[in-house]
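Asks: Residue numbers (our numbering), protein chains in the order written: chain H, 1 to 76; chain U, 1 to 76.
Bear in mind the hints are in silico, worked out from the structure with no lab data behind them.
There's no promise every hint is true.
[Unchecked claim] For lysine-lysine, the following DSBU-like pairs were computed, each having C-alpha atoms within a straight-line distance of at most 35 Å:
#1 U:K2 x H:K10
#2 H:K19 x H:K52
#3 H:K61 x U:K19
#4 H:K2 x U:K2
#5 H:K10 x U:K52
[What the hints assert, rightly or not] Reference excerpt, derived from the structure (chain U facing chain H, CB under 8 Å, subset only):
#6 I25
#7 L28
#8 E43
#9 M58
#10 K61
Every value quoted in this text rests on a predicted model; they were computed, and no experiment measured them.
Glycine residues also receive a C-beta, built at the ideal position from the N, C-alpha and C atoms.
Next come the chains, spelled out residue by residue.
Number of protein chains: 2
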Amino acid sequence: MKTRIFVTLKNGVLDPQGKAIHHAIEGLGFSGVHDVRAGRLIEIEHEPGLSKADLESMCTKLLANMVIENFEIEQA
Amino acid sequence: MKTRIFVTLKNGVLDPQGKAIHHAIEGLGFSGVHDVRAGRLIEIEHEPGLSKADLESMCTKLLANMVIENFEIEQA
Chain H
1 MKTRIFVTLK NGVLDPQGKA IHHAIEGLGF SGVHDVRAGR LIEIEHEPGL SKADLESMCT
61 KLLANMVIEN FEIEQA
Chain U
1 MKTRIFVTLK NGVLDPQGKA IHHAIEGLGF SGVHDVRAGR LIEIEHEPGL SKADLESMCT
61 KLLANMVIEN FEIEQA
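All chains should be modelled from the sequences, with the hints used to inform the complete structure.
Replies: Written out as structure tokens, the structure is:
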């Protein structure tokens with residue numbers, strides 16, 4: 001079983017990586033982009049028995065910094 | 001309009017970051033995890049007029065290294 005975890009910066013937290021990507025996109029000549037935010041994607045291949053509570057616990061303890069980041073769990 | 005781009009390593013490409021996360025998850029006492037792969041998530045806020053072809057072009061030119069990475073575009 002495969003689960004995807006998305007870790008994104010909270011609103012209001014500065015994102016220099018996203019800013020750099022935005023700048024580079026404009027440098028390539030694309031217009032119409034208002035904002036870019038960079039985050040992390042973690043794909044976990046696990047046994048079906050692993051509970052959502054366990055996955056949430058992994059996120060809060062290890063995968064996301066809850067002070068500045070949010071996470072989202074998407075089970076396939 | 002918001003589009004999410006997922007950049008993941010191709011199958012067979014070594015992923016030391018994923019391996020380190022996997023190791024740390026086991027160190028926390030969670031069992032049942034077979035594999036972890038780390039990737040990037042890029043959220044783009046743009047005008048509705050920006051085409052899928054433009055987004056693909058951004059990915060191949062800038063956001064993903066096509067030699068070792070795949071990308072996926074998810075339009076909300």
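Asks: Now tell me if each hint is right for this structure.
Replies: Comparing the hints with the structure gives:
1. Under the criterion of a C-alpha separation no larger than 35 Å, the hint pairing K2 (chain U) with K10 (chain H) is consistent with the structure, at around 16 Å.
2. With a C-alpha separation of about 33 Å, the suggested pairing of K19 (chain H) with K52 (chain H) holds against the 35 Å cut-off.
3. Restraint check: the Cα-Cα separation between K61 (chain H) and K19 (chain U) comes to about 17 Å, which is no more than 35 Å; the hinted pair holds.
4. For the suggested pair K2 (chain H) and K2 (chain U), the alpha carbons sit about 25 Å apart, so the restraint of at most 35 Å is met.
5. A C-alpha spacing of about 27 Å is found between K10 (chain H) and K52 (chain U), which places the hinted pair at or below 35 Å, so the restraint holds.
6. Proximity of I25 (chain U) to chain H holds as hinted, the smallest CB-CB distance being about 6 Å (cut-off 8 Å).
7. Using the Cβ-Cβ criterion of 8 Å, the hint placing L28 (chain U) at the interface with chain H is satisfied: the shortest such distance is roughly 6 Å.
8. A hinted interface residue such as E43 (chain U) counts as satisfied when its beta carbon comes closer than 8 Å to some beta carbon of chain H; here the least separation is about 4 Å, so the hint holds.
9. For M58 (chain U), the interface hint holds, the least distance from its beta-carbon to any beta-carbon of chain H being 6 Å, beneath 8 Å.
10. About 6 Å separates the beta-carbon of K61 (chain U) from the nearest beta-carbon of chain H, less than 8 Å, and the hint is met.
Checked against the numbered hints given earlier, the structure satisfies every one of them.
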